[in-house]
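Use the sequences and the hints to build the structure in full.
Residue numbers (the UniProt record's numbering), protein chains in the order written: chain A, 1 to 164; chain B, 1 to 280.
Be careful, since some hints might not be right.
Heads up, simulated DMTMM-like pairs for lysine to aspartate or glutamate below, C-alpha to C-alpha not over 20 Å straight-line [unchecked claim]: (1) A:95 x A:70; (2) A:157 x A:117; (3) B:83 x A:5; (4) B:83 x A:114; (5) B:83 x A:123; (6) B:10 x B:65; (7) B:29 x A:2; (8) B:2 x A:123; (9) B:10 x A:5; (10) B:83 x A:32; (11) B:2 x A:27; (12) B:10 x B:27; (13) B:2 x A:2; (14) B:10 x A:2.
The set of hints was computed from the structure by calculation and includes no laboratory data.
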Amino acid sequence: MEQHDINVIVNGQKLRRRVSARQHLIDFLRNELSLTGSHLGCEHGVCGACTIQVNGTAVRGCLMLAVQADGASVDTIEGLSDSGAIADLQDAFHKHNALQCGFCTPGMLATAAELVEQHPNADREEIRAHISGNYCRCTGYHAIVDAIATVLDARRKAAGGSGA
Amino acid sequence: MKAPPFGYVKARELGQVFDLLDQHGDEAKILAGGQSLIPSLNLRLSRPTLLIDINAIADLQGIRETAETIVVGALATHVALEKSPIISRYVPLVAAAMPHIAHPAIRNRGTIGGSLAFADPAAELPACATALEATFILRGRSAERRVKAAGFFHGLFETDLRPGEILAAIEFPKATASHRFAFSELARRHGDYAMIGLAAASPQPGTLRLAYFGVADRPVAADRAAACLVKDGAAGIEAACACLAEDLEPSGDLNAGPQTKLHLAGVLLQRALPSLLTSA
Ligand SMILES: Cc1cc2nc3c(=O)[nH]c(=O)nc-3n(C[C@H](O)[C@H](O)[C@H](O)COP(=O)(O)OP(=O)(O)OC[C@H]3O[C@@H](n4cnc5c(N)ncnc54)[C@H](O)[C@@H]3O)c2cc1C
Ligand code: FES
Ligand code: FES
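So, in structure tokens, the structure goes:
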């Protein structure tokens with residue numbers, strides 16, 4: 001099967017790997033690098049379980065080929081957790097009980113991370129629209145929206161408090 | 001499911017794309033954002049032997065302003081259009097449609113060229129291009145063709161693109177002060193493909209194009225209904241709704257039967273009316 005060499009930064013670490021052309025980025029992360037935090041559900045872009053960040057923006061890991069990540073920087077839920085970048089989101093999900101089985105949670109967090117970075121003033125309606133592409137089978141979304149809204153609020157207060 | 005095996009080339013310039021298309025013919029597929037192509041590979045609806053990744057080709061990027069038009073490179077992503085001040089100022093219909101196209105993670109990678117070349121009859125951008133009478137710039141190895149939106153969509157997933165050609169850019173007329181537009185759609189979940197939608201544009205008083213999507217195998221311009229509104233303004237709405245049956249002749253689908261679709265088409269038209277008819 002056709003193979004390609006790629007250089008990629010995964011969770012801050014530079015890697016060089018050989019991948020087959022047809023391998024999806026999410027399978028590369030899960031199977032070759034054992035980064036199994038991001039999940040696979042539908043494999044055609046509908047459920048959002050595989051959402052990761054590529055060059056700082058959320059993408060579907062099942063709709064990108066590993067070979068396309070050549071030269072890119074990829075962050076999975078493991079990296080986002082370890083760096084502390086989403087500690088407040090994780091905390092809020094925990095406090096609001098914004099998960100039950102947790103299957104959707106890594107994708108939810110990767111999606112929410114982009115929202116809190118790029119739309120600090122999002123209201124509940126906008127939060128709902130932003131996570132509309134992520135299926136959760138357990139919580140009915142209310143607790144997830146609560147958790148994200150809490151973080152936005154806290155970050156706004158922190159920014160205001162420091163005079164920013 | 002996983003995609004079947006295929007080869008992959010990241011093309012560096014257009015000449016290389018034309019070479020590969022010549023060599024591989026139908027067996028090769030262009031890969032832009034991959035947000036429609038990769039699902040279709042995963043579902044094994046399509047089995048190309050080669051993917052030609054065009055994402056690195058500079059000629060296909062960017063959003064440019066000319067005296068009378070806005071030229072959008074095929075590789076402009078949905079999110080780039082959504083955030084572009086040029087688009088919100090000069091092509092506001094497209095800006096209004098953007099949040100309805102799929103979900104943020106998909107808009108981060110999906111491109112305007114991919115969406116138009118894919119020609120899904122339920123997609124937003126083909127209808128916007130139809131309402132705005134956009135021009136499609138198609139490039140082959142030795143020639144460039146300019147095709148109006150009305151001639152570009154041939155049917156379900158079928159366009160005017162010929163073997164060996166690619167969609168390079170889309171040209172939209174610039175909205176002027178008298179430009180009026182409306183966009184609205186009905187979807188089961190925000191970001192899903194619409195059950196039915198309407199993209200409408202009136203570049204100046206006396207001209208109006210109503211392009212419906214999700215009603216047939218391509219975007220449909222409701223010209224009779226538009227004529228009623230142009231002639232009688234808001235007073236023409238009832239006649240316009242009556243004309244929709246002839247304009248659209250909708251086929252039913254999983255979402256709704258023809259009668260329901262017609263009813264919804266009228267509902268969308270009523271919703272659009274205030275934005276289309278406000279005086280300057
Ligand atoms: C879950 C989900 C929901 C979605 N919902 C919507 C929605 O509500 N509305 C909507 O409009 N879309 C929706 N989409 C599709 C999405 O918007 C895609 O981004 C878009 O349709 C295809 O663009 P792309 O750049 O990803 O193209 P690709 O998937 O890369 O390509 C699509 C097709 O176009 C061809 N192609 C691409 N670029 C060119 C070019 N420049 N010249 C010639 N041929 C070319 C390819 O060979 C392929 O056949 C959805 C997708 C998913 C996965
Ligand atoms: S597994 Fe990627 S969106 Fe469902
Ligand atoms: S917590 Fe179970 S799918 Fe979301």
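Results for each hint:
1. A:95 x A:70: 38 Å, violated
2. A:157 x A:117: Measuring from Cα to Cα gives roughly 15 Å; hence the hint holds.
3. B:83 x A:5: Since the Cα atoms of residue 83 of chain B and residue 5 of chain A sit roughly 34 Å apart, the hinted pair is violated (cutoff 20 Å).
4. B:83 x A:114: 15 Å, holds
5. B:83 x A:123: 18 Å, holds
6. B:10 x B:65: Given that 20 Å is the threshold and the Cα spacing comes to 28 Å, the pair is violated.
7. B:29 x A:2: Holds, because 16 Å separates the two Cα atoms, which is no more than 20 Å.
8. B:2 x A:123: 38 Å, violated
9. B:10 x A:5: Holds. Residue 10 of chain B to residue 5 of chain A sits at ~12 Å (cutoff 20 Å).
10. B:83 x A:32: The hint is violated at about 36 Å.
11. B:2 x A:27: Answer holds: residue 2 of chain B to residue 27 of chain A is near 10 Å, not above 20 Å.
12. B:10 x B:27: 16 Å, holds
13. B:2 x A:2: 16 Å, holds
14. B:10 x A:2: 13 Å, holds
When the structure is compared with the earlier hints, violations turn up for hints 1, 3, 6, 8 and 10 and for no others.
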